[in-house]
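Residue numbers (the numbering used here), protein chains in the order written: chain A, 1 to 105; chain B, 106 to 358; chain C, 359 to 861.
Think of the hints as simulated: they come from the structure by calculation, not from any bench. Predicted model only: the values in this text are computed from it and were never measured. Here a beta-carbon is modelled for each residue, glycine too, at the ideal position from N, C-alpha and C. A couple of the hints might just be wrong.
[To be verified] Restraint ranges, calculated between C-beta atoms of paired labels, are given here:
#1 A:H57 x B:A313: 24 to 32 angstroms
#2 A:F6 x B:D148: 31 to 39 angstroms
#3 A:V23 x B:P134: 28 to 36 angstroms
Spelled out, the chains give:
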Amino acid sequence: MTTAQFYALCGVVLFAIGFHGVVTRAHQLRKLLSVNVMGSGVFLVLVALASRATGGHPDPVPHAMVLTGIVVAISATAVALSLVRRVHEGDAGEAPGDDAREAGP
Amino acid sequence: MAILKRTGFAVLVMLLGAGAGAAVLSLPPEWNGLSDTVAARLDESGVTNPVTAVLLNFRGYDTLLEICVLMLAAFAVGSFVSERRSAGLGTGRGAAETSGQGHRGVELPIARPGRVLTGLVRLLAPWIILVSGYLLWVGSHAPGGAFQAGALLASLGVLIVLCDHRLLPRTASWLRRVLLALGFWVFAGFGLVPLMFGQALLQFSGPAAGWVILGIETACTVSIAMVLLLLFVCNARLPSLDADADRARGTGA
Amino acid sequence: MSASGAWMVSLVLAPLLAASIALVVGRRSGPYAALAAAAAIVCSLAGLIGQLERHGAAASAVGGWGSPLGIQLHADGLSVLMLLMSALVGVGVTAYAWGYFGLARRRDEPFNAAASRARESFWPLWLFAWGGLHALFLSGDIFNLYVALELLTLSAVGLIGLANQRTASFAALRYLLASLVGSLFYLLGVALLYGEYAVLDCQRLLELVQGTRATTCALALMTLGLMLKTALFPLHFWLPLAHGNSPAPVSALLSSLVVTACFYAILRLWCTVFANAGTPGAGMLLALLGAAAIVYGSLQAICQQRLKMLIAYSTVAQVGYLFLGFAFLGRSASAVLAWQGVVYYALSHACAKGAMFLAAGSIMRSAGHDQLEGLAGIGKQLPVSVFAFGLAGMSLMGLPPSGGFVGKWLLLRAALEAGLWWVAVTILAGGLLAAGYTFPLLERALANRAEPWVARRVPRGMELASLVLALCAVALGLVAAQPLELLEIGAPFQPLASQEANP
Numbered sequence: 001m002t003t004a005q006f007y008a009l010c011g012v013v014l015f016a017i018g019f020h021g022v023v024t025r026a027h028q029l030r031k032l033l034s035v036n037v038m039g040s041g042v043f044l045v046l047v048a049l050a051s052r053a054t055g056g057h058p059d060p061v062p063h064a065m066v067l068t069g070i071v072v073a074i075s076a077t078a079v080a081l082s083l084v085r086r087v088h089e090g091d092a093g094e095a096p097g098d099d100a101r102e103a104g105p
Numbered sequence: 106m107a108i109l110k111r112t113g114f115a116v117l118v119m120l121l122g123a124g125a126g127a128a129v130l131s132l133p134p135e136w137n138g139l140s141d142t143v144a145a146r147l148d149e150s151g152v153t154n155p156v157t158a159v160l161l162n163f164r165g166y167d168t169l170l171e172i173c174v175l176m177l178a179a180f181a182v183g184s185f186v187s188e189r190r191s192a193g194l195g196t197g198r199g200a201a202e203t204s205g206q207g208h209r210g211v212e213l214p215i216a217r218p219g220r221v222l223t224g225l226v227r228l229l230a231p232w233i234i235l236v237s238g239y240l241l242w243v244g245s246h247a248p249g250g251a252f253q254a255g256a257l258l259a260s261l262g263v264l265i266v267l268c269d270h271r272l273l274p275r276t277a278s279w280l281r282r283v284l285l286a287l288g289f290w291v292f293a294g295f296g297l298v299p300l301m302f303g304q305a306l307l308q309f310s311g312p313a314a315g316w317v318i319l320g321i322e323t324a325c326t327v328s329i330a331m332v333l334l335l336l337f338v339c340n341a342r343l344p345s346l347d348a349d350a351d352r353a354r355g356t357g358a
Numbered sequence: 359m360s361a362s363g364a365w366m367v368s369l370v371l372a373p374l375l376a377a378s379i380a381l382v383v384g385r386r387s388g389p390y391a392a393l394a395a396a397a398a399i400v401c402s403l404a405g406l407i408g409q410l411e412r413h414g415a416a417a418s419a420v421g422g423w424g425s426p427l428g429i430q431l432h433a434d435g436l437s438v439l440m441l442l443m444s445a446l447v448g449v450g451v452t453a454y455a456w457g458y459f460g461l462a463r464r465r466d467e468p469f470n471a472a473a474s475r476a477r478e479s480f481w482p483l484w485l486f487a488w489g490g491l492h493a494l495f496l497s498g499d500i501f502n503l504y505v506a507l508e509l510l511t512l513s514a515v516g517l518i519g520l521a522n523q524r525t526a527s528f529a530a531l532r533y534l535l536a537s538l539v540g541s542l543f544y545l546l547g548v549a550l551l552y553g554e555y556a557v558l559d560c561q562r563l564l565e566l567v568q569g570t571r572a573t574t575c576a577l578a579l580m581t582l583g584l585m586l587k588t589a590l591f592p593l594h595f596w597l598p599l600a601h602g603n604s605p606a607p608v609s610a611l612l613s614s615l616v617v618t619a620c621f622y623a624i625l626r627l628w629c630t631v632f633a634n635a636g637t638p639g640a641g642m643l644l645a646l647l648g649a650a651a652i653v654y655g656s657l658q659a660i661c662q663q664r665l666k667m668l669i670a671y672s673t674v675a676q677v678g679y680l681f682l683g684f685a686f687l688g689r690s691a692s693a694v695l696a697w698q699g700v701v702y703y704a705l706s707h708a709c710a711k712g713a714m715f716l717a718a719g720s721i722m723r724s725a726g727h728d729q730l731e732g733l734a735g736i737g738k739q740l741p742v743s744v745f746a747f748g749l750a751g752m753s754l755m756g757l758p759p760s761g762g763f764v765g766k767w768l769l770l771r772a773a774l775e776a777g778l779w780w781v782a783v784t785i786l787a788g789g790l791l792a793a794g795y796t797f798p799l800l801e802r803a804l805a806n807r808a809e810p811w812v813a814r815r816v817p818r819g820m821e822l823a824s825l826v827l828a829l830c831a832v833a834l835g836l837v838a839a840q841p842l843e844l845l846e847i848g849a850p851f852q853p854l855a856s857q858e859a860n861p
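If we strip away everything but chain A, and leave its shape as in the complex, we get (with noise of 0.2 angstroms):
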């Protein structure tokens, strides 16, 4: 097994275990963060698949799609975060629903 591979496969086993979490997980920001381990996971599988070049220089595309997954998981992770609080603080008064307790992602 290649070095490239290997960390391939641990960007594998990354996504797994995050999927688990978002899941298995009540409580709505474990499930976020879980999510954002399961991204990790996806872009150290780019980066890895990436730095298999033999002229010693990574491919820059994978590259670029990282940076761009890493804006977007941002952005939705701060929407996300802001969904949590909202939630969690009971916005206009409304009778508490079916919320942390369900099971589903």
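Please arrange chains B and C on chain A, whose structure you already have, making use of the hints.
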């Protein structure tokens, strides 16, 4: 039953991981991807850093949409919180009329900034601006670029906001909004110009390409910094974010 | 750049620029920005259709680089039909939202911070979503597809969050998390595909892709991720809450456009990128899930007490029809016919479902609630809205002459040709079940009511917008020839049909 479900799901995830892992291992261990193609056409792109060339020129359309995503996220987060106070983006009216209402949320326990923090920020501010400008400039031939520079600039903004909570309320609302959209406008504007000369959208080539990309990156740096700062401020809901709320509480300076 | 390329660029950038202007100017500029964007979209779409009819499918290299280095915009019959759907529903919803949110607070209306926030925030968010939809429909690159999907998802989440209730915040959060997980599955698939072929362009991938292990895994991951975004049974858990608790125009957009757009992404992958890698077995599994969705969603819809939840569950059911087309994988002759039926059904479902949610919004505005029990006699108050609801229901049931009938008829013919009797039975049963959840409201609406109504006034424009969309759904049954001809441009389903020839 619950334990069966849990174990079953864990097994499922492991199968998924094993499948994806096997797929990753089945890929060729040595492979050049597009690096040779990128290297061959790097001269035409106007920059010498291959990642910047891909981001701003070869796949600039992705980045254009990504800038849109950032702007959208800042707006969405602002719209989620602006009903209680004009966190960064509200146009003022709704926020002013509701700021007197009680706030049941948890606020960050931020004390008045001490001399250490204020002094540190004073010391750091010029350096952060300098380094951020350097990162922006260096992006054309080495790792760096708009996002890194913008993130650094946003960190300065966060520091200042922590020292002086009225930084954002003091800036005019329209200015905040214009800075937010500036990156997208400049990017789209430069992108549409080649269209008028019968070329493709975002077709940057020739000797001017490097300068066009630098111009776009500069505007994007400002917008990215603004977005990240707003995301922080809106989500943190700093105690005295809103000048009106301050006055209502009698703490305004 | 060719004329068709310029029209494509205008379709994507016009709504995005309008969104940024509405965001910066704020206040009351939103509706006017949307109006300008709608006008630009209709003109560009007409221009694009004109170009495509003359020159066939078009590709346009953004930045002038072309594949494999750059990104291609790609327009064929399938994307044009989806754009047509987005223009029809988008214009209808824009007109409806004009009345729903109002241009400004009326004098007699007490100040409400949440309402004012929704009035101002709806327009930029909707314009971002519109731009995201068009970017998705015109994208010819699997990574660009990911960025467009994220743009669409985030604006949809913002739209759901407009409703000022805790349930809505929770629904928006759950939708966002589910959708992010879906996106990451998709992105991992992209990583595997790129790692194998070093190409992101859909057309190039069609030539290169073979059924290797990494490709199969990528296909599974990407399909799974998009299934979650499309809310295919049993991954529909986020949909009813999100679609049932949003403001009416938002529900209409989500159910008719956003869900269909995610389905379009699946279809694009299976028809273009993976045409040589998708196996009939996997397709059959998807179709079975679709059939299960039809039965489950319809039964749930029949059991609902609230009108908007009923319509939301009906979306869970209708999504099932879209997946029935996968049963025809590897049956070249009937496959094209079936996919034509599916796409036509998606088009008419978007109009019908949009009309239904808009009519439900008018009913809710008038009655103050949407409990089915309390809606007896609403037909006398809102005859136009109830009529629109009935027409839309007719299209969902698949009664002639409606767009739904044409879609189901094509699918039925394909099923009988291919000998897939269970598909035919599901389609017919789904029609009956749709009647089961449409008639209760109509029956109540037309009943007599003892006590007098204390109904609020509903702007005429809102009622008319829902009626026009419902009439579109019916009209699609009368003018089926032209849209089906459009769908032929560039033969989007050809790779699937020729699949059998080179196994």
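Looking only at beta-carbon atoms, does the pair V23 of chain A, P134 of chain B fall within the given range of 28 to 36 angstroms? holds (33 angstroms)
Distance restraint hint 24 to 32 angstroms, applied to the beta-carbon atoms of H57 of chain A and A313 of chain B: Given range 24 to 32 angstroms: holds, Cβ gap about 27 angstroms.
For F6 of chain A and D148 of chain B, compare the CB-CB distance with the range 31 to 39 angstroms and indicate the outcome. holds (35 angstroms)
Comparing the model with each numbered hint stated earlier shows that all of them hold.
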